[in-house]
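With chain A's structure known, arrange chain B on it following the hints.
Chains as they are written, first to last, in this note's numbering: chain A, 1 to 431; chain B, 1 to 431.
One thing to keep in mind: the hints can contain errors.
One copy or two, it doesn't matter: identical chains are merged, so the pair holds either way.
[What the hints assert, rightly or not] Computed list of lysine-lysine pairs in DSSO-like fashion (alpha-carbon distance at most 30 Å, straight line):
1) Lys212 <-> Lys178
2) Lys178 <-> Lys210
3) Lys327 <-> Lys273
4) Lys290 <-> Lys273
5) Lys376 <-> Lys290
6) Lys336 <-> Lys255
7) Lys212 <-> Lys336
8) Lys178 <-> Lys327
9) Lys210 <-> Lys273
10) Lys327 <-> Lys26
The set of hints was computed from the structure by calculation and includes no laboratory data.
Protein chains: 2
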Amino acid sequence: MPAITINHAREHIGEQVTIQGWLYNKRSSGKILFLQVRDGTGVIQAVISAVDTSALFDQAEGLTRETSLVMRGTVRADDRAPTGCELQPTSIDVIHSPDVPFPIDLKEHTPGFLMDQRHLWIRTGRQVPILRIRDAVFRAFRQFFHDRGFIATEAPILTGTSVEGTTTLFELDYFGDKAYLSQSGQLYLEATAMALGNVYWIGPAFRAEKSKTRKHITEFWIAEAEMAFCDHAANLEIQEQLVSYIVDFVAGERKQELQQLGRDPAALRAQVKLPFPRIDYADAVDRLSKAGHDITFGDDFGAPHEATLAEMFGRPVFVERFPSAMKPFYMKRDPKDEARVLGADLIAPEGYGEIIGGSQREDSYAALVAHMEEQKLPLDAYQWYLDLRRFGSVPHAGFGMGMERVVTWLCGAAHIREAIPFARQINRLYP
Amino acid sequence: MPAITINHAREHIGEQVTIQGWLYNKRSSGKILFLQVRDGTGVIQAVISAVDTSALFDQAEGLTRETSLVMRGTVRADDRAPTGCELQPTSIDVIHSPDVPFPIDLKEHTPGFLMDQRHLWIRTGRQVPILRIRDAVFRAFRQFFHDRGFIATEAPILTGTSVEGTTTLFELDYFGDKAYLSQSGQLYLEATAMALGNVYWIGPAFRAEKSKTRKHITEFWIAEAEMAFCDHAANLEIQEQLVSYIVDFVAGERKQELQQLGRDPAALRAQVKLPFPRIDYADAVDRLSKAGHDITFGDDFGAPHEATLAEMFGRPVFVERFPSAMKPFYMKRDPKDEARVLGADLIAPEGYGEIIGGSQREDSYAALVAHMEEQKLPLDAYQWYLDLRRFGSVPHAGFGMGMERVVTWLCGAAHIREAIPFARQINRLYP
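Chain A on its own, in the form it takes in the complex:
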């Protein structure tokens, strides 16, 4: 009898099935034992009566948490169960029974303890639905762009140059040369867009930031797209369509997981109705100032500012046309006001912070060199990037999305470390 997975159990009501998994939890109510069995796709409850099946009852009573097992039995409809069914087992074969108690009980633990046990923590509670939602967010991003004729590509991780300065770079020895871990694939995606048209990727990015906040990890996954023949306005349009698509995709495919996390798929969908509001940076500063924040034109936003803006709109909001001095050299200046860039950040609802940063890219060779000289960047290392403006430069634009930020928001997670299987933080390299 081939095994089925728990997410498909409700398609087998009345049938004999085999389930392979782990004992997640166990409780008894007098002469009835309830086993929660998990297999990664879901959790099913097996009900064993001491009266009807006393040998099985005795065997099951001795099982401890995270015992691996193969269970055979009949699927019964049960409207109260999240899976819509339960199992009436006829046999249990134990594969491996732990010698010591599973270290994570289902009560509260400190974050430090849970992160030390991350390899086991991911088997429990909210972590399985979060990681299943993460899978759907990644797939949604890729599907969106593939459906629009974009080509998937990869940027190098090891680079001799860096996009946003060297203060937050991880450096390593590369056969006697200095190399850095990439903070963004953008510059390489620009080169690839000039070869392939529209491109996208999801890859790891690294920032050696010492900040310990609930929104920062040192290794994160960035999802980027770069489009030839694209301007600032079209860039924002595709970003809002993307975010709306991802939410709709996840709300459809991972409805049960969202509900397990206490998230309402319909409410998430309502948050991302198009179009998203666009406000000018100066307007944002003004609104924040009026709301009591101590902020003036030229200041960057911190978490409290982003939270206030999010609260004002209740849905994702673009803040556009930041002062040029605040932003990297590659952003195109607004022709109406050289002191501003044709770029925008997208702020997530509910205080989850910036999820996208994007811009039209400077396509003039002379202007790009001028920006680089202003910021005292080494022109030599960027010759290849400057070549993109020497040979058939075109208006182009793109953006980067922090995947863990998006997962944190959709899951309503308290900390970004739960949005990635094995988070890396300033004091965390294990497991």
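Only chain B this time, still in chain A's reference frame:
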């Protein structure tokens, strides 16, 4: 008039269209000028007659390679063209005209020169179809596993431990601790499989190997899958199904690109008919020895051995049950012969070498500790990995596929550096 992409031009025969792209090449035949325009999705030929459109002819005659432009015109059927059509332009708007000649002409250049110009080289010749095939290989891998209920995940890139020894590791300073760039996500995928069931990912992997061969790069993309409740035999079955699926997917979606590279989609499909042959390591050594190779039981295979095996079979071939001493600690020993492992390598046809390495994993705590002690590995650093055998251990198996090796094979490329947008080699960190 919204722009169309060149791959969709044949759907607009007889219509007026706009195409945005770059001038790839130009030739004239007396009073007729032929412009090859590329946009990343394909190349279309625009035909301009000096008699019918003399002003346009004069303008076009002055255009240089890699000029970016917007061209309007009528699509005409042309059975001789790879796109099935050509363009009869009515106007050309130049976006940017290079001041200097494009450095890559369409003749021969040295590999070193081309790699220095990689950011421009990817616009030319075989490079565009190779990168478009790469996109399809990546998508095929993900589609295969998603369709089978696997969950996409990510392993960390920065690790405190390593899977296969430290001699070929890139090391870096991580806030005062030593960290290494991952050579494989396998150990983490094993942990995730115990939480989510069946998992897969594609991520970057790093090997600080000093070897300069046409099959090695220091940064490559590894595609891995890990399956709970899976044994060696089932592991090989899913690998051969995967490879067959990828070839079929690429032959279907990228038929034109394969043909541009001189590869016959039907011949590739014929190479991957199921099942793939499985030969024992001892048998492989015997065959190689008889074929004149100087090899004895216990030796690893090099490129010449792999090439001979490939030639013997003319299709992918599994070599299984390698001597335990040659293989990493995590491979499960064959219960019939402890000196062998339940693992296999998959050798690609045509001398493209090993494309997959996989095994059933050791699921016994005691056996795993014994293997680690034999290989003098630090038990402390692997406590989290050992925990997977302490708490509900199950038979499980998995494998890793070198994506650039697969792309090189399918494209018939001469060197792996062409199978990735920006290759990293021992002497190559730029661009």
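Here is what the structure says about each hint:
In the homo-oligomer, the alpha carbons of Lys212 and Lys178 lie at most 30 Å apart both inside one protomer (27 Å) and across protomers (20 Å), since each shortest distance falls under that limit. Taking the closest pair of Cα atoms, Lys178 and Lys210 come within 30 Å of each other both inside a single copy (22 Å) and across two copies (16 Å). Taking the shortest Cα distances, Lys327 and Lys273 sit within 30 Å of each other inside one copy (29 Å), while across copies they are farther apart (54 Å). For the identical chains of this complex, Lys290 and Lys273 are intra-copy neighbours only, at 27 Å inside a copy versus 69 Å across copies, given an alpha-carbon limit of 30 Å.
Taking the closest pair of Cα atoms, Lys376 and Lys290 never come within 30 Å of each other, the shortest separation being 36 Å inside a single copy and 65 Å across copies. Within a single copy, Lys336 and Lys255 get their C-alpha atoms no closer than 45 Å, and across copies no closer than 47 Å, so neither meets the 30 Å cut-off. Taking the closest pair of Cα atoms, Lys212 and Lys336 never come within 30 Å of each other, the shortest separation being 39 Å inside a single copy and 52 Å across copies. Within a single copy, Lys178 and Lys327 get their C-alpha atoms as close as 26 Å, which meets the 30 Å cut-off; across copies the closest is 32 Å, which misses it.
With identical chains, the CA atoms of Lys210 and Lys273 are never at most 30 Å apart, being 36 Å at best within one copy and 53 Å at best between copies. Taking the shortest alpha-carbon separations for Lys327 and Lys26, neither the intra-copy value of 55 Å nor the inter-copy value of 40 Å comes in at or below 30 Å.
Hint violations for this structure: numbers 5, 6, 7, 9, 10, all remaining hints satisfied.
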